[in-house]
Amino acid sequence: MRAYWALLRGQARSQTSYRLSFAIDFVSNVWATVLDVFTVFVLFGVTRSLGGLDLREALVVTGMSACAFATGDMLVGNIERITLYVRTGRFDAVLVRPLRALPQLVLLDLPLHKLSRAAFGTTVYLVALGAADVAWTPSRVLLAVVAPVGGVVFFGAVFVITASVAFWWTESGEFGNAFTYGGRDFTSYPISVYSGWFRNAFAYGLGFAFVSYYPALALLGKPDPIGLPGWVGWLAPLVALPATAAAALIWRAGLRRYTSTGS
Amino acid sequence: MGAGFRRYSTYRQATIAGAFTNTVFGFLRCYVLLAVVAGAGTATVGGYDAARLATFVWFGQGLLAVVLLWGWTELADRIRTGDVVADLLRPVDPVTRYLATDLGRAGHAAVTRLVPPVLTGPLFFPFYVPHRWTTVPLFVVSVVLATVLCFGCRYLVNATGYWLLDIRGPMILWALVSGVLGGLYFPLRFLPDALVVPLWVLTPLPSLFQTPLDIMVEIDSTPRQLWLVALQAAWVALVLVLCRVVQRRAERRLVVQGG
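Protein sequence lines, in the order shown, are assigned to chains F and S. For the first sequence, the working numbering assigns the number 1 to the initial residue and increments by one for each residue that follows. For the second sequence, the working numbering assigns the number 1001 to the initial residue and increments by one for each residue that follows.
Simulated from the structure, these hints should not be mistaken for laboratory data. Ideal placement from N, C-alpha and C gives every residue a C-beta, glycine not left out. Take the hints with a grain of salt, since some may be wrong.
With beta-carbon atoms standing in for the labels, derived distance ranges [said to hold, decoys possible]:
(1) F:Leu99 to S:Ala1086: 37 to 43 Å
(2) F:Arg19 to S:Arg1224: 48 to 54 Å
(3) S:Val1111 to F:Leu35: 27 to 33 Å
(4) S:Leu1173 to F:Ala201: 34 to 40 Å
(5) F:Val96 to S:Glu1074: 29 to 35 Å
(6) S:Val1136 to F:Ser139: 55 to 61 Å
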């Protein structure tokens, strides 16, 4: 544990030592999420409802997704740099240390400047909850807290899985973005806007429906137009468990598969 | 130009991965915008009907890699490492040389990255087939202009490296501004006219992305399409002159990095 703590402290020191660069990153990082939320407002400027939800209700979905994605991205997102580590062979240096590879990689590049974005995402979520008509009960309060935590874990797992692809396919390039950033975009809107096999694949096959849409419906007390029963929203955060298990399996399989570049 | 084409044709796997990702995002954006029309309760939104919106999205996903809004840091990297000195020793002006390479890259992207999403879209969504014969040639001209304009803007962003060395700040700013004000997040005509008109005339951003797409879906009459292309051409001229000026200024103060 002490070794990990030292890694984290070293990262914090090295990142904040270039103060101007850190400040620029800290401020500019917020804007990506600001624009996502702004887009929802623009769309509602020309329409009254999206997939059966009005602006306030849709913002709960967007806010929950933004909070979960931004936090997950801050904590685990930099794992996507593994393609660089594998290609250059720098991954060897990680493996020879007497620490576990995954936490090391996460801590090695932990992007502290992304704190701003995670904070903004959480703010959007809280404001959206305040603005929407939620009939608060103790169980709803609990769900409102647990759901984004489940979302953070879920997105973390997605990042690990898409990064593991690098062990098999070094030149995978933007491939993983379709599921990480694509997952963020998918969960930003009520899944009732999508349809057909595409919705089934992303929502139920990959599990993205349970990150923000179903928990938001349960909080708002709205029925699902697609027809799933009401209790689905209450169990939705549990989707993080199979996702984590899958991520652990794929990561380990990838590690075993890794052979150095030999240079 | 040929060198640019050949160079990018060697990154075959990255091209496939990129086209796949563009296609997935095409589905995401298309469904959302179609839900906007459905929720509005009117036949058109901001002048677009469902078929035009779908076509806008799918051509946009293809165009993204052709004009290359993001991810070009070659000049800035060469400035930081000092390799840029080799560019200055060549008898060709660096702006011209980089532009030629970029056009080769764009030609490769037009075949490998524009075609897949444009063919995928109509399989699953309504599609708008242009009615006027002038539209397709105008679209081609507009895409070429957009590519040159986007190159110019990227060159200027990269050239801040002559002064700053670390261009992360300008790069992020460019990525955000060009995406949202170029028309990638939503068609700009969703915004009120009082915002859109000044944006179109006073900044090059809508000319990068929104203009070619609007030409393709025939949102305007032919004379207005011609005006939009003329506006693009004016921005191209202005930005390329600016690139030259900035490059000349930079050469005068350049301290070559590295040893």
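Each hint tested on the structure:
{"no.": "1", "hint": "F:Leu99 to S:Ala1086: 37 to 43 Å", "in the structure": "42 Å, holds"}
{"no.": "2", "hint": "F:Arg19 to S:Arg1224: 48 to 54 Å", "in the structure": "49 Å, holds"}
{"no.": "3", "hint": "S:Val1111 to F:Leu35: 27 to 33 Å", "in the structure": "31 Å, holds"}
{"no.": "4", "hint": "S:Leu1173 to F:Ala201: 34 to 40 Å", "in the structure": "35 Å, holds"}
{"no.": "5", "hint": "F:Val96 to S:Glu1074: 29 to 35 Å", "in the structure": "34 Å, holds"}
{"no.": "6", "hint": "S:Val1136 to F:Ser139: 55 to 61 Å", "in the structure": "59 Å, holds"}
Consistency with the previously given hints is maintained throughout, with no hint failing.
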